[in-house]
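Going down the list, the protein sequences come from chains R and Z. Its first residue numbered 1, the first sequence is counted upward by one per residue in the numbering used here. Its first residue numbered 1, the second sequence is counted upward by one per residue in the numbering used here.
Each hint should be verified, as a subset may be incorrect.
Intra- or inter-copy, both count: the list cannot distinguish identical chains.
In silico BS3-like links for lysine-lysine, alpha-carbon gap of 30 Å or less [what the hints assert, rightly or not]:
{"hint": "1", "residue 1": "Lys300", "residue 2": "Lys268"}
{"hint": "2", "residue 1": "Lys346", "residue 2": "Lys300"}
{"hint": "3", "residue 1": "Lys268", "residue 2": "Lys346"}
{"hint": "4", "residue 1": "Lys386", "residue 2": "Lys346"}
{"hint": "5", "residue 1": "Lys372", "residue 2": "Lys538"}
Keep in mind the hints are simulated off the structure, nothing from the lab.
There are 2 protein chains.
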Amino acid sequence: MFGLMQDRPLLIASLIEHAATFHPETEIVSRLPEGAVHRTNWLGVRQRAKQVANAMAALGVQPGDRVGTLAWNSYRHLALYYGVSGSGAVLHTVNPRLFPEQIDYIVNHAEDKVLFFDITFAELVEKLAPLLKSVKTFVAMTDRAHMPAIQVPNLLCFEELLDAQSTDYTWPELDERTASSLCYTSGTTGNPKGVLYSHRSTVLHTLMELAPDTFGISSGETLLLVVPMFHANAWGTPYAAAMVGAKLVMPGPHLDGKSIYTLMRDEKVTFSQGVPTVWLMLFQYLDANPDVRPRELGVKRIGIGGAAVSRAMLERFENDFGAEVVQGWGMTETSPIGVISKLLPKHAALAGDELLKIKLKQGRGVWGVDLKIVDENGQALPWDGKAFGHLHVRGPWITSGYYKSEGGAVLDAEGFFPTGDVATIDPDGYLQLVDRAKDVIKSGGEWISSIDVENIAMGHPGVAEAAIIGVAHPKWQERPLLIVVKRPGQEVTRDGMLDYLGSRIAKWWLPDDVVFVDSLPHTATGKLLKTSLRAQFKDYRLPTA
Amino acid sequence: MFGLMQDRPLLIASLIEHAATFHPETEIVSRLPEGAVHRTNWLGVRQRAKQVANAMAALGVQPGDRVGTLAWNSYRHLALYYGVSGSGAVLHTVNPRLFPEQIDYIVNHAEDKVLFFDITFAELVEKLAPLLKSVKTFVAMTDRAHMPAIQVPNLLCFEELLDAQSTDYTWPELDERTASSLCYTSGTTGNPKGVLYSHRSTVLHTLMELAPDTFGISSGETLLLVVPMFHANAWGTPYAAAMVGAKLVMPGPHLDGKSIYTLMRDEKVTFSQGVPTVWLMLFQYLDANPDVRPRELGVKRIGIGGAAVSRAMLERFENDFGAEVVQGWGMTETSPIGVISKLLPKHAALAGDELLKIKLKQGRGVWGVDLKIVDENGQALPWDGKAFGHLHVRGPWITSGYYKSEGGAVLDAEGFFPTGDVATIDPDGYLQLVDRAKDVIKSGGEWISSIDVENIAMGHPGVAEAAIIGVAHPKWQERPLLIVVKRPGQEVTRDGMLDYLGSRIAKWWLPDDVVFVDSLPHTATGKLLKTSLRAQFKDYRLPTA
Numbered sequence: 001m002f003g004l005m006q007d008r009p010l011l012i013a014s015l016i017e018h019a020a021t022f023h024p025e026t027e028i029v030s031r032l033p034e035g036a037v038h039r040t041n042w043l044g045v046r047q048r049a050k051q052v053a054n055a056m057a058a059l060g061v062q063p064g065d066r067v068g069t070l071a072w073n074s075y076r077h078l079a080l081y082y083g084v085s086g087s088g089a090v091l092h093t094v095n096p097r098l099f100p101e102q103i104d105y106i107v108n109h110a111e112d113k114v115l116f117f118d119i120t121f122a123e124l125v126e127k128l129a130p131l132l133k134s135v136k137t138f139v140a141m142t143d144r145a146h147m148p149a150i151q152v153p154n155l156l157c158f159e160e161l162l163d164a165q166s167t168d169y170t171w172p173e174l175d176e177r178t179a180s181s182l183c184y185t186s187g188t189t190g191n192p193k194g195v196l197y198s199h200r201s202t203v204l205h206t207l208m209e210l211a212p213d214t215f216g217i218s219s220g221e222t223l224l225l226v227v228p229m230f231h232a233n234a235w236g237t238p239y240a241a242a243m244v245g246a247k248l249v250m251p252g253p254h255l256d257g258k259s260i261y262t263l264m265r266d267e268k269v270t271f272s273q274g275v276p277t278v279w280l281m282l283f284q285y286l287d288a289n290p291d292v293r294p295r296e297l298g299v300k301r302i303g304i305g306g307a308a309v310s311r312a313m314l315e316r317f318e319n320d321f322g323a324e325v326v327q328g329w330g331m332t333e334t335s336p337i338g339v340i341s342k343l344l345p346k347h348a349a350l351a352g353d354e355l356l357k358i359k360l361k362q363g364r365g366v367w368g369v370d371l372k373i374v375d376e377n378g379q380a381l382p383w384d385g386k387a388f389g390h391l392h393v394r395g396p397w398i399t400s401g402y403y404k405s406e407g408g409a410v411l412d413a414e415g416f417f418p419t420g421d422v423a424t425i426d427p428d429g430y431l432q433l434v435d436r437a438k439d440v441i442k443s444g445g446e447w448i449s450s451i452d453v454e455n456i457a458m459g460h461p462g463v464a465e466a467a468i469i470g471v472a473h474p475k476w477q478e479r480p481l482l483i484v485v486k487r488p489g490q491e492v493t494r495d496g497m498l499d500y501l502g503s504r505i506a507k508w509w510l511p512d513d514v515v516f517v518d519s520l521p522h523t524a525t526g527k528l529l530k531t532s533l534r535a536q537f538k539d540y541r542l543p544t545a
Numbered sequence: 001m002f003g004l005m006q007d008r009p010l011l012i013a014s015l016i017e018h019a020a021t022f023h024p025e026t027e028i029v030s031r032l033p034e035g036a037v038h039r040t041n042w043l044g045v046r047q048r049a050k051q052v053a054n055a056m057a058a059l060g061v062q063p064g065d066r067v068g069t070l071a072w073n074s075y076r077h078l079a080l081y082y083g084v085s086g087s088g089a090v091l092h093t094v095n096p097r098l099f100p101e102q103i104d105y106i107v108n109h110a111e112d113k114v115l116f117f118d119i120t121f122a123e124l125v126e127k128l129a130p131l132l133k134s135v136k137t138f139v140a141m142t143d144r145a146h147m148p149a150i151q152v153p154n155l156l157c158f159e160e161l162l163d164a165q166s167t168d169y170t171w172p173e174l175d176e177r178t179a180s181s182l183c184y185t186s187g188t189t190g191n192p193k194g195v196l197y198s199h200r201s202t203v204l205h206t207l208m209e210l211a212p213d214t215f216g217i218s219s220g221e222t223l224l225l226v227v228p229m230f231h232a233n234a235w236g237t238p239y240a241a242a243m244v245g246a247k248l249v250m251p252g253p254h255l256d257g258k259s260i261y262t263l264m265r266d267e268k269v270t271f272s273q274g275v276p277t278v279w280l281m282l283f284q285y286l287d288a289n290p291d292v293r294p295r296e297l298g299v300k301r302i303g304i305g306g307a308a309v310s311r312a313m314l315e316r317f318e319n320d321f322g323a324e325v326v327q328g329w330g331m332t333e334t335s336p337i338g339v340i341s342k343l344l345p346k347h348a349a350l351a352g353d354e355l356l357k358i359k360l361k362q363g364r365g366v367w368g369v370d371l372k373i374v375d376e377n378g379q380a381l382p383w384d385g386k387a388f389g390h391l392h393v394r395g396p397w398i399t400s401g402y403y404k405s406e407g408g409a410v411l412d413a414e415g416f417f418p419t420g421d422v423a424t425i426d427p428d429g430y431l432q433l434v435d436r437a438k439d440v441i442k443s444g445g446e447w448i449s450s451i452d453v454e455n456i457a458m459g460h461p462g463v464a465e466a467a468i469i470g471v472a473h474p475k476w477q478e479r480p481l482l483i484v485v486k487r488p489g490q491e492v493t494r495d496g497m498l499d500y501l502g503s504r505i506a507k508w509w510l511p512d513d514v515v516f517v518d519s520l521p522h523t524a525t526g527k528l529l530k531t532s533l534r535a536q537f538k539d540y541r542l543p544t545a
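Please take these sequences and the hints and turn them into a complete structure.
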């Protein structure tokens with residue numbers, strides 16, 4: 001027997017409708033690529049979104065067609081978030097920081113029909129346009145005065161395109177399972193793979209973002225969205241802001257410390273989300289300007305994800321800003337909320353290192369995300385904070401596979417998605433990442449975390465960068481090899497390095513050898529490319545072998 | 001094209017699984033009808049819920065069957081919330097305060113197969129048992145030592161029934177539209193009508209309860225659940241507490257001011273929800289015990305619904321408790337969140353009466369509840385804070401009709417549910433109730449709010465209770481008649497009453513006559529029974545007619 005409640009689909013358009021109806025005048029502030037600070041409000045965003053939806057029809061975009069963006073965070077990108085998905089098409093946010101050949105691959109794989117781009121990327125688009133076979137129309141996200149002088153076929157001006165459209169539009173009542181957006185993961189192995197979100201998964205994830213146990217987003221907030229809108233839907237915050245009608249501030253391409261600080265101050269930001277790299281740039285600005293008093297900003301919370309938060313970063317936000325750090329772990333495949341680091345009432349009595357130890361874990365589970373860690377045979381491991389296992393996750397905003405079945409069937413027998421991460425989970429459900437599964441070193445049946453050893457090696461004053469990889473060993477299967485880039489002007493030797501590590505890690509974790517190189521390989525987005533290192537040292541013979 | 005996110009149904013069992021997995025040791029405290037304070041935790045509640053689910057099978061309860069409860073708030077009722085709904089049966093919470101003949105009607109209409117009851121209601125059940133044809137098993141919610149000595153066929157003891165069941169149980173993967181619980185409205189007209197909730201509607205409503213713009217429920221909370229679990233799923237809080245793993249405190253039948261105060265103090269309650277009547281009992285206790293300092297309780301928020309909050313109540317919670325009042329409007333048919341009274345950033349500059357005026361409105365819209373006010377012809381009225389209209393609502397946790405099609409098709413052409421309330425909505429989306437539609441007085445095409453005039457009349461020192469009804473008038477269609485119960489020992493005349501009102505309300509709202517009576521008719525739950533008054537004064541001839 002079914003209940004008798006109203007059968008209303010969960011649709012992204014309902015978010016912008018709510019914001020425009022109940023919070024019409026709440027400001028949406030953008031620093032544009034053109035430089036100026038632009039102001040509109042939720043009513044204005046809905047109007048633009050409806051014009052985008054009408055433009056979709058005018059450009060021949062059918063329901064289910066993909067529409068690409070190469071764009072920073074701005075009200076224009078926000079109008080595309082609502083207008084493209086709301087109309088039944090699929091918003092495909094492309095990461096402009098990828099290598100051009102990856103962008104070429106992704107746009108062709110997605111078969112984007114239209115490509116919207118910020119003028120920052122005009123030259124890139126001019127170069128790629130001949131390769132992007134599916135793209136029928138290119139739209140420069142600017143006004144006529146700032147149109148780039150590039151040779152691209154069917155090039156339109158965003159503001160002109162929209163101004164020509166009616167502001168009347170009735171959102172279609174889509175099936176809530178309809179695809180809404182598409183984002184490719186820029187993995188360190190193989191081709192990028194597309195994660196295809198649905199209206200339902202997006203709305204459910206957005207609801208969870210409001211919870212005080214996650215980001216606690218409310219109408220009282222002024223949100224500075226530093227995390228890019230081309231990263232997993234900017235962690236869902238463009239949707240959450242509309243669901244509660246919060247003020248939204250977007251920095252465009254202006255991510256340097258001074259620009260971010262200025263926006264925080266001028267717009268009275270209460271909550272901001274970003275990756276550690278951006279916050280390091282903010283700290284550099286503060287270091288160079290000791291007269292600036294970040295506590296006066298009144299920022300209440302800083303959301304950090306994408307990479308682990310260091311103790312120094314956490315303490316600086318707490319002490320200098322008076323802000324709470326809300327760390328999280330997730331990935332493109334998890335929408336992205338996986339776990340969120342919020343304390344429990346039982347932690348109220350803790351202080352100092354005991355408290356920090358908990359705060360520096362990636363976080364604990366939230367409703368909607370089932371977690372498990374499993375061994376090589378898929379057997380569940382205990383939640384004792386010690387056992388390492390492959391992290392698998394399940395829930396209504398976790399992917400079931402990749403676009404066009406890339407990578408084949410990915411779920412395990414219980415329907416969980418294998419994240420490729422290795423983690424521990426403690427008895428309170430706090431997750432701590434140990435390593436990427438493919439980077440962990442398997443030594444005689446035990447696992448060694450490459451990340452842990454690297455982080456300690458990087459603490460040596462003579463080390464600029466360090467990587468640990470597993471190298472074949474006749475007895476132990478694999479043993480760790482440490483690869484070091486020396487800091488210019490510093491001296492460090494193999495034995496000095498091993499002595500340094502020897503006093504800080506378990507004996508069996510100690511690398512069997514150290515080699516020095518001039519540089520390490522990285523992906524376009526700055527991740528260490530260990531596949532390349534492993535290929536380079538494939539035949540390396542350890543002194544212990 | 002559908003998205004590729006995991007197809008996970010939204011099920012109530014997932015809430016208790018989350019709580020037991022991530023917050024196993026968080027306490028669940030109950031004051032039982034037997035008197036003692038009982039302590040368990042989320043792990044214990046899950047265990048009991050699984051035993052309930054196994055008991056359902058043992059008692060021959062099939063998926064979709066209704067299982068009734070006549071019970072106060074306790075861990076036993078909580079175990080039924082999860083165990084009955086989780087197993088695929090329908091939890092039917094019956095309001096024990098109704099007249100016995102209404103309970104008879106409701107249980108027979110629902111065709112409950114099993115009836116669980118607190119020992120408080122043992123005599124009532126003994127009396128009703130012969131009439132409850134569908135009920136095959138009666139279960140007294142107590143242990144063997146406290147079993148009531150009543151003559152009821154197939155009477156079982158709750159703790160014995162559960163102890164005999166395995167604690168192993170795998171929740172079925174139900175369709176999320178499956179009916180989960182049933183609650184009858186005790187209207188002032190006609191027979192009670194059943195609202196049939198689904199797993200989906202319940203989980204979506206629960207997610208919205210976490211939002212800071214509504215009740216902001218988090219794992220850091222200690223929730224005192226004063227609102228009965230037989231009222232619209234106790235406003236959803238038993239589910240929200242599990243979704244975040246909050247500590248939950250339940251008072252059983254002990255709703256007097258001293259008991260509530262003691263629980264608040266002993267359990268360090270941070271948030272409590274209840275109807276105004278319960279808070280008035282708490283205030284009476286405080287009045288009688290001036291040495292008690294409610295500010296020392298540390299209660300942060302008080303949720304109030306079910307009836308409008310008075311200025312005095314709001315100010316007392318703010319000033320004496322240092323607590324924020326979170327008012328809401330909803331009904332059984334809305335799960336119940338309809339609107340919630342939370343301030344907007346623009347109100348930060350307000351103070352005094354200006355601020356109070358906003359706080360005393362029922363609240364503003366939240367995502368998931370579409371609102372409109374319409375005139376007699378169904379035409380939408382403006383949101384200007386002045387126009388009165390019939391309030392219609394739409395959303396995934398709003399009912400589409402009543403159990404067994406009682407009352408027929410109820411939705412309007414746009415799929416909105418007509419609430420039977422008359423309200424204004426202001427430009428910020430704040431709703432203010434004006435009256436029940438059937439009580440509003442239609443005078444020459446304009447509407448007069450009976451509630452407004454009654455509230456003012458009740459301010460007269462000589463008035464114990466007052467009611468306004470519309471009486472037929474040859475020229476104006478209806479004109480108001482004021483019906484007054486005098487306060488013992490006080491004197492008040494017709495002309496004195498009209499003078500009092502005349503200086504406080506618009507001239508055309510002034511009643512055309514005043515009559516004095518010894519008492520006014522009420523429903524079992526204390527609502528003024530205006531249908532009965534209208535029948536009594538059907539042929540009353542106004543002096544102006």
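For each hint, the structure was consulted:
For the homomeric pair Lys300 and Lys268, the shortest alpha-carbon distances inside one copy (10 Å) and between copies (26 Å) are both at most 30 Å. In this assembly of identical chains, Lys346 and Lys300 lie within 30 Å of each other by CA distance both inside one copy and across copies; the values are 22 Å within and 19 Å between. In this assembly of identical chains, the alpha carbons of Lys268 and Lys346 lie at most 30 Å apart only when taken from different copies (14 Å versus 33 Å within one copy). In the homo-oligomer, the alpha carbons of Lys386 and Lys346 lie at most 30 Å apart inside one protomer (20 Å), although the nearest pairing across protomers, at 49 Å, exceeds that limit.
Taking the shortest alpha-carbon separations for Lys372 and Lys538, neither the intra-copy value of 32 Å nor the inter-copy value of 68 Å comes in at or below 30 Å.
In summary, the structure is inconsistent with hint 5 from the numbered list given earlier, while agreeing with all the others.
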